[in-house]
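Chain V: place on chain S using the hints.
Here is what each chain is made of, one letter per residue.
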Amino acid sequence: MIKKFIGKRVMRNEDPRLLTGQAQFVDDVEIPGMLHAAFLRSDYAHARLLSIDVSAARQHPGVVAVFTAEDMGDDWFPGPPLVSPPPTAKDVTFHSRRQVPLVKDKVRHAGEAIAVVIAESRYIAEDAVEDILVEFEPLEAVVDLEKALEVNSVLVHDDLESNLAAQMFQQKGDYEAARQQADLVIQRRIVIERGAAAAMENRGIVAHWDAKSQHLTIWDTTQAPIPIRNGTAARLGLSEHQVRVIAPFIGGGFGPKIMMFYAEELVIPWAAKKLNRPVKWIEDRRENFYATTQERGQVHDVEIALSRDGHILGLKDNFLHDTGAYDPYGLTIPLNTQSHDMGGYDIKNYSSEFKVVFTNKTIVTPVRGAGRPQGIFVIERMMDAAAKELGMDAVEIRKRNLIPPEAFPYEHKIIDQAFAPLIFDSGNYKAVVDKALDMIGYDKFVKEEQPHLRVDGKYVGIAIAPFVETTGVGPYEGARVTVEASGKINVATGIGTQGQGHFTSFAQIVAEQLGVEVNDVRIVTGDTTEFHWGTGTFASRGAVVAGNAVHAASSIVRKKILKLASKVLEAPEDELELEDGQVRVADIPQKSVSLGELAVLANPLRGAVEPGTEPGLESTAYFGPQYGATAFGTHAMILEVDPETMMIKIRRYVTVEDCGTVLNPLILEGQIHGGVSMGLGNAYYEKLHFDENGQLLNASFADYLVVSATEMPRIEVGHLETRSTLNELGAKGVGEAGAIPVPALFAQALENAFHDRKLEILEMPLSPNRLFELLNEEKSR
Amino acid sequence: MKLEGEYTFDGTREDVWKMVRDPQVLATCVPGTQNLRMTGENEYEGEIQVRIGPIAGTFSGRLLVANEVPPVSCTLTVEGTGKVGFLKGRGDVALSEQGASQTLMKYTGEVQIGGKVASVGQRLFDTVSKSMIKQGLDKLNEILKTSLA
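Residue numbers (my numbering), protein chains in the order written: chain S, 893 to 1673; chain V, 8 to 156.
One chain only, chain S, in its complex shape (with noise of 0.2 Å):
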């Protein structure tokens, strides 16, 4: 019998490096002769910038240089565009403002980089930023999204009409249509704020310009080594054989890791070449919270036309976007959030416009779930509003909605991110929602249990919320499988590891192909002098799109062993099988050879070879999807508040999720539960708080409340498996599934909680003292 690994509850291989503290880190990088770097950072959020004193900080003893804008001369310009505006799509708007290394005439965001002081050490360093002598002239911060658009706003970037970033209408069938033949239609306003990714790694860089062999080395907590490899040789103007990017384990990415270049990017390999000196820099946490992207700012004005039945005639959601004070990653979020506004539903009429808008706040790019969350906080928003003026169940008008599974592949019409069509390949979505209500119990609950809890003065409320997830985009990735004279087996594929468990769930499709333990498979992420063809760790695609190319080159692989095994046991290659690292006669188990053995024999060092053969047991192989694949999930919850302190305790919590095939459940539940905890954050603790000054005021995690171990429920996961029919693995994504549906189930909830009040949420993130003070308000009109 041959052993599966597929789908099997493997223990992470890189866990006992991990938990002994033997991995690396970037700040673990310790380089003889290395400097430290800080940066001087702006105060004001929008300031122009009159002069820069930094005689006194070059004089502090142990700095070893200080550079400003002008410093770098003509080394100094913006960073790349990261996601250029879709090429197809008609009549965008799109106005590209990159970040700059340094400020060179005008700071557009608190905390936007000055200057540089590279030091002895990092005290030092701190030390001489502070004497460091700026005149700023502090001008108005643009802030609130809608008063940006106002004809007389100040202008975040002078040089353009509005603030207003870029535009673009998406349509589907025909809203006006629809909405003349409604029984019904809802008009909500929904405001979405911004929240952090907080990784529990900040960044950090450490940059090693070796001189004698005209060769950079770079260890970056990048979710992209292979972009920034290439990026950083076109800037210092070297051969991308000259670069190297090192993304080692890194503590967390969510997202804005992928974000490139980060100024510190494009600053700290450009001094460590220019002083010939190793330099690191290790981002702190107030500076991630200023420096490090994020994300969720919206305002959309939502429409909803429904029949009397339940059933939806159409959607229209006009909104706003804030991308903060630059725009490198294009229109993915909003288009995300275009993508996911229809949820899971049946919706034959669609109409939407976004404004993405410049502030004077921190840069925005995708944090895990990436403008999916707002999508389906608008969608499931609306169905709860729908549902309470129809008179209809929650579920009910739900499941009367869902997309069927004959419907399938569902096309809607639109672009998605990747601006390929926004097509659902796969699905069976009432068997995942039947499958969570019946996880909780929800007619039961109810029924029977809520009705006396009720009684006993107890505010408890239950909630479910299906969600669609886009994953797995393009464009590709590869992979490298290696057969070793010792017959373990060593992989290397372009994207990098911030934690997903790349380096058990590659293994586990390897070994199933090899006939290896997964222990022997040896995985090699973000290097990329190990493999260097490749975009990135982004959009739940890692499983897919790697995994995928890991599953094709394992397979080539397969084929060399079992050739060549044929000719060594004189046996034909349907009757070989490859098990415990040995290629076996199938019915004369002793006839056998071990894969080391073969490897050698494919390597021979001396003697005559076929022509046109290739040595080793080794194969390259990429995989691209047509367009992504979609996951689909269900979170179902019982979630009881305190009246009086608004404090709140989960009862129960269940996920359902399809990801199609599941490759490992251990490490796919430790995503759903990472991506919970996020969504907790973003839907009752984590608010980042800008002033209207665009001042953080909660810029620490004695303020910023990031979700812990006390406020984490114990979540119930089951899994329905629809394969993907985009790929062999049949796998679609799940990074971002857990984080997508909680805000809109959470709102749910509380409505439902406190079902004799007329508390309608609209609003995310919540706390409670916003609840505290939505229920007064509600109690004053």
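Be aware that a few hints might be false.
Computed footprint of chain S on chain V, listed as stretches where at least three residues anywhere in the stretch have a Cβ under 8 Å from a Cβ of chain S [said to hold, decoys possible]:
hint, segment
1, 17-30
2, 89-99
3, 108-122
Hints listed in this document are in silico derivations from the structure and should not be mistaken for laboratory results.
A virtual CB, placed ideally from N, CA and C, is assigned to each residue, including glycine.
Just chain V, lined up with the frame of chain S:
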């Protein structure tokens, strides 16, 4: 952020006014003031040491007195910058007689803060500024009482 409050002095309005307009007196009363120099008829410059929770640093800046109606009211404008951020404020102060020997001071104002003071100190700024004002006014009142005794 808004600041608002009142304080009763044990002295006549004229006495309070005189004291408030004396930079030497003010410098000894405003907590953390390291230096306060009169640079014009209604203009002062100086340095003040502030500690807000984990944030401590020196602000140097200007204080302007305007709209003066002795001994009834005036408007104060403050601007300061330092290594821990910046602050900008404007406040109206009004004195009214409270019986023969007491004076009621009412003040309202707005303060803008930025940098580390805002991002890390914001939560405590309100409490710290209130307690600094209270300390300062208590000290003023003590000086006033001593001078009148």
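Going down the list of hints, with the structure as the test:
Coverage of the segment 17-30 of chain V by chain S is violated in this model, with 0 residues showing a Cβ closer than 8 Å to a Cβ of that chain against a need of three. For a cut-off of 8 Å, the count of residues in the segment 89-99 of chain V with a CB near a CB of chain S stands at 3, and the three-residue condition holds. Residues of the segment 108-122 of chain V lying with their CB closer than 8 Å to a CB of chain S number 4, which satisfies the three-residue condition for coverage.
Violated hint for the displayed structure: number 1, the only one.
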